[in-house]
Each structure stands twice: as C-alpha cells, then as structure tokens.
Amino acid sequence: MKRLYVLYDPNCGLCTRIRFWLVRQPAFIAIHPIPLGSPQAARLFPALPQSGKSGELVVIGDNGGVYFGDHAWIMCLYALREYRATAKRLSSPKLQPLAREAFTFISRYRHSISRWLGMMPESEMLILLKGVITPWCVS
Amino acid sequence: MYIVWSYFAYLAISLGVTIWVARTLHKNGRIFLVDAFHGNTDLADSVNHLLVVGFYLINVGYVTLALRTTATLANLRESIELLSDKVGLVLLILGLMHFFNLFLFSRMRKRGQAAFEPPPFPPDAVLNMPGTK
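From first to last, the protein sequence lines stand for chains A and B. Under numbering that gives the first Met the number 0, think of the first position of the first sequence as 0, with each following residue one higher. Under numbering that gives the first Met the number 0, think of the first position of the second sequence as 0, with each following residue one higher.
Because the hints were derived from the structure by calculation, they are not lab data. Backbone N, C-alpha and C define an ideal beta-carbon position, used for all residues, glycine too. Treat the hints with care, as some may be off.
What the hints assert, rightly or not - A few chain B residues that face chain A, going by a derived Cβ cut-off under 8 Å, partial list only:
1) D44
2) F120
3) A124
As the list claims (entries may be wrong) - In silico DSS-like cross-links for lysine-lysine, where the CA-CA straight-line distance does not exceed 25 Å:
4) A:K93 <-> B:K109
5) A:K1 <-> A:K93
6) B:K109 <-> A:K87
7) B:K109 <-> B:K26
8) B:K109 <-> A:K1
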C-alpha cells in the first residue's frame, strides 16, 4: 500500500482540522484527503460501498481495501510514521472496543464539538474565501 | 600509603570494566543497529560509535567524580572495604547504563521494523480500483 485515500466530512470543522493535521505528519503511506460527496470522490470511487451511516469516515487504500469508522481512523494512524505503534496498540483486542466507543462518540457529536471549539468546516471556509476580493496584480 | 594504592586499584578496576562493557556493547550492538537501519551499515556504524562515545563519557566522568574519599585508611581491611564500596557503585551504574543502551537499541530496531508491519486488520470491504493511478 502506497497511498491512503481519506474520505472525510467537509461540513465538519473537526474533520477539516484533522485532515490538515494528517497531511502534515511524516507518513509511511501517503495520505490523500478527499471530501466526501465531492466530484473527485465520485470520479475516483464510483462504486464505493455504503457503510450505512452518512458522513462516516471512510479510508481506501490504493490496493482497494476499504475501511469504515473506527477501523478507518486506526488505519490513518497506521499510515503515520510516529503513530504506527499507537495504531497497533489501539487495534489490540483489549483496547479496540474502547477505541470504537471513543470514535463513535466523537463521530456522532462532531458537529457540536466543532461548534464548541470554534473550528470552521472546509465548506464554510470555501464560501468565505469566495467572498474575498483578490486585487489585480499590477505588472 | 593505603589510600594511594586504593585509588590506583579503584581506577584500574573501574576503567577496565568500563572498557570491557563498552567494547561488548560496540561489538554486539552493531547487528541490532544494522537491522534497525535496514542494512545501512554506514549509518549503523556511525550511531554505534556515537553511542559508545556517550557511554564512555558518562562512565569515566562518574568514575573520576566518585574517586574522592574522606575516609582515613589505617589498614588493609579498611582499604579493601572502601574499594569494594566504590567499585560496587561503579558496577551498578555501568549495569544501569548497559540496560539503558539495550533499551535504546531495541527501540531503534522496533522503529525500523514498523515500516514493514502489516495493517492491524483486514479491510471491511474491497473495491476494484481501475480509476486510481
């Protein structure tokens, strides 16, 4: 596996923040974030199987392996150089139920958490940036 | 005169053991490091050498600092007891340093091996991937 496509919710500030954090980390497997429901996602993965929950994190390896929810989150950590050991620990039989609970909780309340922490989602950032009038370059 | 001979004996034993432990580490730690750095022997040798230099500096530093004593030695018995006291401490510190070095070696090796570790679980679904490069 050389690439990991991370399909995240662009309407969630927390997810947007984590997306930028992920791509800044040194990684064993290159992380390619793609907003869920974007044309790019539809073009790359027209046959993406649905996990049932809308907006849930989905991670796809370039070998075709698809991971949902807490598995997806642990796979993101697995891709990172500094966090591979943590991913291994979190996927151990003892810790995995706890990791799943934590992930499900954060995932369910991600919009509220983003609001409380004042994190702006990518979709809002784009709208905001569209409103900015860029000055003409004077040559 | 006892004190001077005790100092000499202390220095000889402590430095001798330090050199022996450092050489053992240098000789046997190399293979660990070569494995940790995926066969990059130049890098492994360099790190190995740097570790041994640090090991020497800390140990010789401690040995020389711990040399001083205020005890007045009247007979051979007292000087042997003092010597055993001092050498014992040096050996304990050497032992701790040795295990610390082993810990560093194994951590470096583990880090090196992480690159080849398989994913923690199989995928939840498998996609046909014709669209991606």
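**Request:** May I ask you to test the interface hint for B:A124 with respect to chain A, counting a Cβ-Cβ separation under 8 Å as satisfied?
**Result:** 4 Å, holds
**Asked** Straight-line Cα separation of B:K109 and A:K87 no greater than 25 Å?
**Response** Roughly 13 Å between the alpha carbons, so the hint for B:K109 and A:K87 holds.
**Prompt:** Between B:K109 and B:K26, does the CA-CA distance stay at or below 25 Å?
**Reply:** Roughly 20 Å separates the two Cα atoms, so the pair holds.
**Prompt:** Straight-line Cα separation of A:K1 and A:K93 no greater than 25 Å?
**Reply:** At roughly 29 Å apart (the allowed maximum being 25 Å), A:K93 and A:K1 break the hint.
**Request:** With a cut-off of 8 Å on the beta carbons, see whether B:D44 makes it to chain A.
**Result:** For B:D44, the interface hint is violated, since the closest Cβ of chain A sits about 24 Å away, which is over 8 Å.
**Message:** Hint B:F120 vs chain A: min CB-CB distance below 8 Å?
**Reply:** 6 Å, holds
**Message:** So if I understand the rule, the pair passes when the alpha-carbon distance is 25 Å or less; does A:K93 with B:K109 pass?
**Reply:** 22 Å, holds
**Prompt:** Given the hinted pair B:K109 and A:K1, is their alpha-carbon gap at most 25 Å?
**Reply:** With a Cα-Cα distance of about 21 Å, the restraint between B:K109 and A:K1 holds, given a limit of 25 Å.
Of the hints listed earlier, those the structure fails to meet are numbers 1, 5, in rising order.
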